[in-house]
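Asks: Guided by the hints, dock chain B onto chain A, whose structure is given.
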Amino acid sequence: MFNNFFHRMASPKHFYGLAGILIPWLAVPCLLLTLAGLYYGLVKAPPDYQQGDSYRIMFIHVPAAWMSLFIYIVMAGAGAIGLIWRIKLAEVVAISSAPIGASFTFLALITGSIWGKPMWGTWWVWDARLTSELILLFLYLGVIALNNAIDDKRTAARAVAILALVGVINIPIIHYSVEWWNTLHQGPTVTKFDKPSIHLSMLIPLLLMAVAFKLYYAFVVLMRARCEVLERERNSGWVKELAEKT
Amino acid sequence: MNSDSLTRAFLILIRRDLMLAVRHRAEMANPILFFVLVTSLFPLGIGANPALLQAVAPGVIWVAALLAALLSIENVFRSDFEDGSLEQYLLSSHPVSVLVLAKITAHWLITGLPLLLISPLLGILLGLPVDAIKVLFITLLLGTPVLSLIGAVGVALTVGLRKGGMILSLLVLPLYIPVLIFASSAVDTAAAGLPVTAHLSLIAALLLLALSLSPFATAAALRVSLS
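Just so you know, the sequences run in chain order A and B.
Take 5 as the starting number for the first sequence in my numbering and just add one per residue.
Take 64 as the starting number for the second sequence in my numbering and just add one per residue.
Same shape as in the complex, but just chain B:
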């Protein structure tokens, strides 16, 4: 098996998932709607005081992003599990971890990227300064792939279960905490006008770590779930 055919398999898998997503456009909108709705509940809940909103905005936007990621991550393997194509990936001659990475990439393009694009709007709604919105964008750009990568391990462990949803949140949310901490404090720091390079480097480090380890853990977990 040469590396050419592996690259091809990787790209074909991404194309297939993107095409499936485009044909179910309504489902694609759900996580974004959820993200926007949850964020807009906060001003209603805690009052529309601009100073207060600006203070809580980084945390609120990031918690909403975590929940939206958690809500959508289950789809990364669910439909493939139900129609049996997941078993075909495991049987194929390509390394499962690479195929899994393709699935996660496609999933991030479908659900993570739209969150990213809509986030400046939410920043404006909550009264964040422009500099902080830029940083928010970068943290989401670096952070949401981490959420997808970690979430995929959880989904791979629970995909065979009938009631995996509640357990999934118990498995995955504690592992999301470092991203939440670094990302929201980066936005906070940027809103205070201080440099944020250290925060961003740490999130990038988390991304690289997740990128290099999560596909293997996910592949191993899929093998267990489908055995």
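Here chain A stands alone, though its shape is the one from the complex:
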């Protein structure tokens, strides 16, 4: 029975239907949590005693940075599943995740640099975390470029999976080498944003936003995957039926 369930789930047709049902159930809570998180973060939470109001950008920045790494790991995991068990759907999820992950990485970089302007007095510092986030963005762009360069979608998906796996092994190495490089060259500076034990009134909106971002990823990846499935299965019977119905 269990096996049967997975087989049905992995068939593109069932996935298409199920994802269509799931999307509103993920999107509405995401919207509500975002509104609640923004309200508590921007209105309710007190200003920081050192950073004033500008710390509030962290309610976007920190969840975005978490998501950037999380999505890369999901992408590599889905790619590995697709590579090993040849499950088409896992390939679709891996491919669909890449642009979303790249957007989150970009968002984390942009918000980080906007925060850095009043705090550090400059838009960009070669801080260890910013730098490794930038490299992560390059890794995402490599995945997207490779996917676009290969015409055959299934070949592209397998190539992307290998690249994502190589990348996922390298991410910790890159992260620690960058951190090490930075401390070697600059020593401990003001840029080191040591996390103080965060107050509950700031932690709650942060967690709300983090969950909201996760839900956002979940429903957007389903939307993208639905579209990708339709494109890949455009010659199959059920897609034609679907097209004739509408």
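What the hints contain is simulated information worked out from the structure, not anything from laboratory work.
All C-beta atoms in this analysis are idealised placements derived from N, C-alpha and C, irrespective of residue type, glycine included.
Hints may contain errors.
[Unchecked claim] Between beta-carbon pairs, the in silico distance windows are:
#1 L204/A with L272/B: 38 to 44 angstroms
#2 N112/B with I114/A: 35 to 41 angstroms
#3 L180/B with N239/A: 53 to 59 angstroms
[Said to hold, decoys possible] Far from chain B, by Cβ distances over 12 angstroms, these chain A residues were calculated:
#4 L30
#5 S107
#6 T135
#7 L145
#8 I148
#9 Y220
Replies: Same frame as chain A, but now just chain B:
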């Protein structure tokens, strides 16, 4: 298939590639010329102040080495892909990862080793102290094989594409960053007269990791590219 014939296949493949390289000697010189040229552009660009040159020398030499490695790595599978021998490797009864390792070894002997041998000269040109030049040599000895091993994965992924060159640099350069960081800071540290054992151990660790994982990833990528 016993291990004797595997060793033989490994050695034959290296010999074949070396022989091919010797017969195209002019191509062999290109990466070295590129390496020397790029490095000598920096004094022209930033001024010939010896203190400044010495400060930037480790980074400059290593960035030039990265670019030279990137420029030459495409040849590791390109010609074999074009004349079809790559498909024969995949069809052979030997494990593809071992054959791939032979290809990478040969490629390093052809392009990495000359970079290594010319590097002390560049160190002298940029005014590095002798101790730092020794360390530069060791970092290149440990680091350039890593570049070849990582680059081979990228080439295997893009070898079937018509315009693989730009994508290759996008795929491979971010993965080169740890080597660049450890190697250039090792040379920096040596120039400051401090011990560098930790740096060298880390580069050696990267080499071992790349050596044990890259052939499998490259073999898998070749199978995808040729499917």
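Asks: Look at each hint and say if it fits the structure.
Replies: Do the hints match the structure? See the list:
Checked against the hint of 38 to 44 angstroms, the C-beta distance between L204/A and L272/B comes to roughly 42 angstroms, which is consistent with it. Distance hint check for N112/B and I114/A: the Cβ-Cβ separation is about 37 angstroms, which falls inside the suggested range of 35 to 41 angstroms. Here the CB-CB span from L180/B to N239/A is close to 57 angstroms, well matched to the stated 53 to 59 angstroms. With a least beta-carbon separation of about 32 angstroms from chain B, L30/A lies farther than 12 angstroms from that chain, consistent with its non-interface assignment.
Every beta carbon of chain B lies more than 12 angstroms from that of S107/A, the smallest distance being close to 18 angstroms; the non-interface claim holds. Consistency note on T135/A: stated as away from chain B, yet its beta-carbon is not over 12 angstroms from all of that chain's, at 9 angstroms minimum. The claim that L145/A lies off the interface is violated: its Cβ sits roughly 6 angstroms from the closest Cβ of chain B, which falls inside the 12 angstroms cut-off. Remark: the non-interface label on I148/A conflicts with the geometry, its nearest Cβ contact in chain B lying 9 angstroms away (cut-off 12 angstroms).
The claim that Y220/A lies off the interface holds: its Cβ sits roughly 26 angstroms from the closest Cβ of chain B, which is beyond the 12 angstroms cut-off.
Consistency with the previously given hints fails for numbers 6, 7 and 8, ordered from lowest to highest.
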